[in-house]
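Go by the hints and put chain B onto chain A.
What follows is the residue order along each chain.
Number of protein chains: 2
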Amino acid sequence: MEQEPLEFWFEFASTYSYPAAMRIEAVAAEAGIRVQWRPFLLGPIFASQGWGDSPFNLYPLKGRYMWHDLERLCEKYEIPFRRPSKFPRSGLLAARVALVAAAEPWCPRFVRAVFRANFAEDREISRTETIAEILATLGQPPREVLARAEAPENKQRLREQNQWAVVQDIFGAPTMIVGKELFWGNDRLEDAIAFHLRAMRSSAH
Amino acid sequence: MEQEPLEFWFEFASTYSYPAAMRIEAVAAEAGIRVQWRPFLLGPIFASQGWGDSPFNLYPLKGRYMWHDLERLCEKYEIPFRRPSKFPRSGLLAARVALVAAAEPWCPRFVRAVFRANFAEDREISRTETIAEILATLGQPPREVLARAEAPENKQRLREQNQWAVVQDIFGAPTMIVGKELFWGNDRLEDAIAFHLRAMRSSAH
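Just so you know, the protein sequences line up as chains A and B, in that order. Just so we're aligned, residue 0 is where the first sequence starts under numbering that gives the first Met the number 0, counting upward by one. Just so we're aligned, residue 0 is where the second sequence starts under numbering that gives the first Met the number 0, counting upward by one.
Next up, chain A with everything else stripped away, as it sits in the complex (with noise of 0.2 angstroms):
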């Protein structure tokens, strides 16, 4: 029986979901875990919860605090950071790029570039052209990725995914699911990982 995957929930615009995405990967294949990477929107979500904006830009303070720990948090994981001038910025074609690449060896690549053009770079994440040098530099065919991100079953795929994460009261993000276990924020990510192996532990009796 195959092992069951830790599900990562992220969203490209998620300040806190940056050092999770970096981190992720390497945490978990140590841990001898299988991530399955799954892109989805927090505007829906938040919309729902009756804002229109992050809540990091409708509470200044709770924004002003956040920007100086993730900072901190990158200092600490060694991952480089540079605040992006604009916040936050659509992660909706990003996310149907990676959703595209979901089963692909080149996901974890693909989704690390893109976090790190938004909160290393500096660079417009919702540009065609910015992901269009990302998936070169990857080595896959823009244009034909770019077709399959934008056609409409995966655009319908995306909106499915979102309403998956709603179903799973997913409310933020980073998410990790292990079963029907959440972990919010990449606070949780090693504590997610450890919840993953005692339930293995526990399946293998």
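Keep in mind the hints are simulated off the structure, nothing from the lab. Since no wrong hints were added, every one of them can be taken at face value.
Where chains are identical, the list cannot tell them apart; a pair therefore holds if satisfied intra-copy or between any two copies.
Using 25 angstroms as the maximum straight-line C-alpha spacing, the simulated BS3-like pairs for lysine-lysine come out as follows:
1. K61 - K75
2. K179 - K75
3. K85 - K75
4. K179 - K61
Small disclaimer: the values here were computed from a predicted structure and weren't measured.
Then chain B, alone, in the frame of chain A:
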């Protein structure tokens, strides 16, 4: 020159203040750091952000997750937990007593006993009887301490402590402060300690 303390800003109604309050003395002592106990009230701070209730009540999905997460965390830290039948409970009286206690050796024990009463024993910490019982258990004269807590000067001191929280950009609890550096949440306790140790080391040079 006396070592700068780690300021621990907490609210007795705050769920994530609970594990932090239970852990901080031991964690700080191990690092050779003194804790300054700083009770305050979240109510006025939430009100200034437009919230008339705990955000965990205003956003039920997040609230449901928080209770589960808190239970998981307490298990990890081996701290007793029982979900309070009422949330939030007013921490006003307990905060006034904690302010009286702040400079006295029984302060940490008082703080932990109140948190335990709220989050492990489901007791009504807003009631004078509960606080009096806790004081008696600690060998403190309840009537005398309560009189000092409810004296106009002490009420005013708590108001000023809250204004000081606002001046320092505190927006939630628990918050650890080292110099001018803020760390928000039980999840940042270890980072606050590490920052304090680095600051001590560099000021020793």
